[in-house]
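Student: So the protein lines, in turn, are chains D and E. For the first sequence, counting from 1, position 241 maps to 241 in full-length UniProt numbering; every step adds exactly one. For the second sequence, counting from 1, position 66 maps to 66 in full-length UniProt numbering; every step adds exactly one.
It is worth saying that the hints were derived from the structure and are not from the lab. There's no promise every hint is true.
Simulated crosslink set (DSSO-like; lysine-lysine; CA at most 30 Å straight-line) [claimed, not checked]:
(1) D:123 / D:27
(2) D:205 / E:176
(3) E:193 / D:155
(4) E:176 / D:27
(5) E:193 / E:176
(6) E:193 / D:205
(7) D:216 / E:215
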Amino acid sequence: MPQEEEYTSDSGSDFTEYWIDWFLGTKGNEYFCDIDFEYITDRFNLTGLSTEVNRISAAIDIITDNAKIEGQPAEVKEQLEYNARFLYGLVHARYIITQRGLAKMLEKYRNGDFGYCPRVYCKLQPLLPVGLNDSPRLQPVKLYCPRCEDLYNPKSSRHAAIDGAFFGSSFPAMFFQAYPHLVPTHPTERYVPKVFGFQLHEYAKLARWQAVQRQKTEARLYELGVPVDNCPGGYVDPQEGEEEPVKSAQ
Amino acid sequence: MPVNCTNLIRTRRISPRKKSKDRAQGVVEIRATRFLQKLTFGRVLTTANFCLLQTSPPIGAQRTLFLLIAMSKQIFEEDDLTSSEELQSWVATYCQLFGHEFFAQIPAEYIEDDFNLTGLAAIVPYYREALDMILDYDFDSEEETKPADKQSQLPLIEHSAELLYGLIHQRFILTKQGLGLMAAKFESGQFGKCPRVLCEQMPLLPMGRHDQPGKETVRLYCACCNDIYLPSSSKYLNIDGSFFGTSFPGMFLKVFPEVARMINNRTQNGQFELKCFGFKVNEVSASGSRMRWLRMRPQTEAEIAEYEQCEFGAPSEVDGSSKETMVSDDQSMS
Ligand SMILES: [Zn+2]
Ligand SMILES: [Zn+2]
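Whenever a hint applies, use it, and build me the whole structure from the sequences.
Tutor: Put into structure tokens, the structure is as follows:
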């Protein structure tokens, strides 16, 4: 794997740097936040990880700059480095759903570090990383858009190769539970294919049915006393005049 | 294969507006030069030799031979860079530029047919010059009359040529031939793949939300999730959406019903649901599911029956009641 090579070639170059700083500065690791030292060194937070990570104590020492691995043979060094990165990822998934971790991820979210939703009607909504599983080595990380509530693949192949378990499946839900005011509104505007200004019949029909489903949700929420008009988690209709009038026919 | 000398100099059909004799002559020379540039010097010699032996009036052939050698010598002694650049037609060069991967190569015959250009003269500045540029017609003769003027206008004409090509492209990709060329690009994924996870790398189609140029850049349509996306690379940020137009994806779906099969395989994937430690987020919470409708498809019998009711408009019971009561109640609450 090309990424593996890059990690090892970069690592030896700067002795004065902290391991975490080096890790976060490596290209492709932009999604990770900086975990507090205290969090990593508290063994309570690592409960259960010793079954996932080989030689966990050595890995902790590397992350916390307590071990020099320069003298080791190349293969051993590489294995130790790999373990350290793997441990960092698994601890990261736990850390980002703590109060401090959420605050750090909030900053990254505001910076657009996880990219923006490619869907046109989401108007560059920032994304959040999410794993489809909590166990490592199953599926790579995906990006969640809170506006269209859908999942997207990361643009860059470096990001697309990161283990989803390093972020976990609960992160976006925890994030918006902590910051409910940041839940975006949902645009009701949608695309229907047209030919010479006329919507394709089958697609227009499906769109009408889907709009009925949305109105049902709105009605149900309204019954439950949940506001749904232009508030966090509510709906916004397309701005008047923005969409051209559509002729509905074949 | 023997190359006929007369074929070397033959040009393709010259459109009626190029009737002036000087102009036609200029075009003939340009075409001959281009053809020669495609051959290596050695091949020119052998070709010429062959012509000398084969053609019946030997003197005529000899003169052709000398003409060929003289021309080719002159060409090959010229700067290599400029000659190799001129090898390709404007259209081929334009479509191969960085970021122009979405464009299909429009055949010259389509562009030369004035019927296909109806109305474009009113939209595109320097229309005639731009068209000449696209078709690789030489405009030396005009340069003689007003050279300084022409030189300063060149960037403007180039810009107009790009605009004109884009607007012709919008029309061309709706023709049978254009759709065929675009289908090949679609199948090989040259327009990119849908970024949505559950669309499983569904190939995209380029489109614009407007048919008038200068309004918005190109967008990509996914037939699987029936949604439109921004291109993933910034190199498409300066490609005008109108160069693909609003009708292209719709036309594509109509002409190639097999796309529907690609969609059906993928819509079985279900939908993503936000979860917290394995539990669905409550609908009442702000981050609860609100956008399920967007990707829903009728599955159950009741849903299919409801869907059939949407044939010519939304069924009135659902449409009317919920919205209206909500609005009135909202006001009373505040
Ligand atoms: Zn989105
Ligand atoms: Zn899609």
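Student: Could you run down the list of hints and mark each one as holding or not?
Tutor: Hint check results:
1. The straight-line distance between the Cα atoms of residue 123 of chain D and residue 27 of chain D is roughly 27 Å, inside the 30 Å bound, and the hint therefore holds.
2. Straight-line distance between C-alpha atoms of residue 205 of chain D and residue 176 of chain E comes to about 27 Å, which keeps the hinted pair within the 30 Å bound.
3. The straight-line distance between the Cα atoms of residue 193 of chain E and residue 155 of chain D is roughly 11 Å, inside the 30 Å bound, and the hint therefore holds.
4. Taken as a hint, the residue 176 of chain E and residue 27 of chain D pair is broken in the structure, with Cα atoms around 46 Å apart against an allowance of 30 Å.
5. For the suggested pair residue 193 of chain E and residue 176 of chain E, the alpha carbons sit about 24 Å apart, so the restraint of at most 30 Å is met.
6. Proximity of residue 193 of chain E to residue 205 of chain D is assessed by CA-CA distance (about 26 Å); at most 30 Å being required, the pair is judged to hold.
7. Annotation: proposed proximity of residue 216 of chain D to residue 215 of chain E is violated, straight-line Cα distance about 35 Å (limit 30 Å).
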